[in-house]
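Protein sequences, first through last, are from chains Z and L. Numbered by my numbering, the letters in the first sequence go through residues 12 to 359 in order. Numbered by my numbering, the letters in the second sequence go through residues 12 to 359 in order.
Since the hints were derived computationally from the structure, they do not count as laboratory data. In this text the structure is predicted, and so the values were computed from the model without any measurement.
Far from chain Z, some chain L residues (derived; all Cβ distances over 10 Å): (1) Gly90; (2) Glu186; (3) Cys280; (4) Gly340; (5) Ala343.
Simulated restraints, written as ranges between beta carbons of each label pair: (6) Gly73(Z) / Asp274(L): 46 to 54 Å; (7) Ala183(L) / Gly73(Z): 30 to 38 Å; (8) Asp70(L) / Ala269(Z): 33 to 41 Å; (9) Glu157(L) / Val346(Z): 27 to 35 Å; (10) Val179(L) / Gly234(Z): 33 to 41 Å.
We put the CB at the ideal spot given by N, CA and C, even for glycine.
2 protein chains.
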Amino acid sequence: MKTSDPLGLACPVPRTDADRVLMGHGAGGRLFAELFDTVIGPPIGADPVAEDAAIVAVDGVGVVISTDSFVVTPHDFPGGDIGSLAVHGTVNDVAMRGARPVALTLAYIIEEGFPTAELARITASAARAAEQACVHIVAGDTKVVERGGADGIYINTTGIGELLPHAVVTAAGAEPGDAVLVSGPIGRHGAAVLAAREGFVFDLRSDSCALAGMVEDMIRASGRRVHVLRDATRGGLAAVLNELAHASGAGIRIEELAVAVPDQVAAVCEVLGIDPFHLACEGTLVAVVAPEAADDVLAAMRARPEGEGAHRIGTVTDSPAGRVTARTGIGATRVVDMPLGEQLPRIC
Amino acid sequence: MKTSDPLGLACPVPRTDADRVLMGHGAGGRLFAELFDTVIGPPIGADPVAEDAAIVAVDGVGVVISTDSFVVTPHDFPGGDIGSLAVHGTVNDVAMRGARPVALTLAYIIEEGFPTAELARITASAARAAEQACVHIVAGDTKVVERGGADGIYINTTGIGELLPHAVVTAAGAEPGDAVLVSGPIGRHGAAVLAAREGFVFDLRSDSCALAGMVEDMIRASGRRVHVLRDATRGGLAAVLNELAHASGAGIRIEELAVAVPDQVAAVCEVLGIDPFHLACEGTLVAVVAPEAADDVLAAMRARPEGEGAHRIGTVTDSPAGRVTARTGIGATRVVDMPLGEQLPRIC
Chain Z
12 MKTSDPLGLA CPVPRTDADR VLMGHGAGGR LFAELFDTVI GPPIGADPVA
62 EDAAIVAVDG VGVVISTDSF VVTPHDFPGG DIGSLAVHGT VNDVAMRGAR
112 PVALTLAYII EEGFPTAELA RITASAARAA EQACVHIVAG DTKVVERGGA
162 DGIYINTTGI GELLPHAVVT AAGAEPGDAV LVSGPIGRHG AAVLAAREGF
212 VFDLRSDSCA LAGMVEDMIR ASGRRVHVLR DATRGGLAAV LNELAHASGA
262 GIRIEELAVA VPDQVAAVCE VLGIDPFHLA CEGTLVAVVA PEAADDVLAA
312 MRARPEGEGA HRIGTVTDSP AGRVTARTGI GATRVVDMPL GEQLPRIC
Chain L
12 MKTSDPLGLA CPVPRTDADR VLMGHGAGGR LFAELFDTVI GPPIGADPVA
62 EDAAIVAVDG VGVVISTDSF VVTPHDFPGG DIGSLAVHGT VNDVAMRGAR
112 PVALTLAYII EEGFPTAELA RITASAARAA EQACVHIVAG DTKVVERGGA
162 DGIYINTTGI GELLPHAVVT AAGAEPGDAV LVSGPIGRHG AAVLAAREGF
212 VFDLRSDSCA LAGMVEDMIR ASGRRVHVLR DATRGGLAAV LNELAHASGA
262 GIRIEELAVA VPDQVAAVCE VLGIDPFHLA CEGTLVAVVA PEAADDVLAA
312 MRARPEGEGA HRIGTVTDSP AGRVTARTGI GATRVVDMPL GEQLPRIC
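Excised from the complex, chain Z in its bound form (with noise of 0.2 Å):
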């Protein structure tokens, strides 16, 4: 849009404007909270707790189904692209709730004039992504809208699964005394992209995998007993564990210096002033487990490749109820507050 105002200062889209949606609706924060509470959800009827995948009744069998679209910028970062991170992002969805993913939908939106051999070679991204995920892309959809019009490309996936045997996974289960647990070293997709992004030269890597198979030897180790499960995507690890706090009414306790930030990801938060926990991962879990079951999982975790630096984070408490606090590196007590929302557009 072109401005009087070349320098931005009179911000055409002002934050506060509540009749704007504004990028940050985009983000997975409160903002997109709050967008979804008083916009989207009311004419819906659907439930304030998001769940990552919905469960359907089918022919009296529950499918698990989730939907995902991907406007990441740019197309290519280190460890992905955008057509492996649309199978990646919905595949954990799915699996998210303690299922096994089957099958996969793939949707493009394309702008006139991109090159075909992009989207071919976007597509054979997403095609090997899904048969490392042994999930099958059964159907499509491919609409082009005139040049300008999509940034190139964008693409939706839905993925569904069947529930694996024993799961009860919901972001409502967490429970006092339960240890929360991380598969990983955090940020490291939203490092990767915005130092794409920002041209900066980082030995840094996104993240981005399939979760599917990890958490089903997690099922398989303890069942019952693996009562949430969540990837750190949009809004990263501070998002997800203030939306299954609230969800479950628990509060958490986490020990800030037990969670892995990568020293490359320190380095792109420092050069742009972001927190770690605030950056998305597209290949890092967060689960809650009885105490009982945490060394269970995490052997279940580390004997993966995807799980090898999966570690306890913190403790689920009774309260205060939907709030996440870290004990810091000199003792004292921080709240981890949900992200507000507009930091990190076109992250995934």
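Take the given structure of chain Z and dock chain L to it, following the hints.
Here is chain L on its own, set in the frame of chain Z:
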């Protein structure tokens, strides 16, 4: 894109440029088929015979699944809007496999600055359409892109459903001697959108509606004798007849005068130089049924408001395989060709 050729005479994206995606690739005609067969299909290992929906085994049950993105412009047109259309389009694609749609996902890509009131209105329209079609919206996603990045809003819906008892419906199911039925007059959606886009004032509404209830009645009336169901969306009646002739390895012969074209549709087509057989419908289906079942199926269709104009338009022949011909009003025979693709962008 700025160009030094303001009249567009040099055409920066030549239509013969095989290295770029063109508007016509998204119109569901021959160009799309070519893109799919050469670029998108091979990495995925997809069958070139495209059904409206796939059937996936989940825990031993056949789950029908279909996805579609909606980029229609304008967002509002007589008889519907992008919200209701996004529900009807996917519900109908699921129904066309002989299934009862059960649930939908709803994913938005929204442009920064989009009015919240318009988002609320579109969401309410989608919710109303879903309720009327007896499907639940069970999951969703919202992404926001910068101004200019999504022409307001794009919507993806993915639907899942359960197979109706005795339904064996596939695009490849047409057999010589079968009756070809249409559920109503053609071209109403495409004509209504084009008229709204051009600012024409016609007394014309899109036929956009859910067809799942009618499909259920049709299958109940004659079970396996319903061989093919297709809603005549992108590419219109001509595309659907060609696709099913091709998939079934059969010929189709129709009576041109038996195809009802409303006067207002004919008028829009005359003004814009378009063949009404190429105009999209969004609430009108083609059924290929065993000849002895034709009367029962027509009666089931006519008993519902969305099928009250149902009639027989032709017959499946054994040759020429893959070819659709029409007997014209003066008794001549013409070939009904697959539309190339580019004449009607952004119709759904």
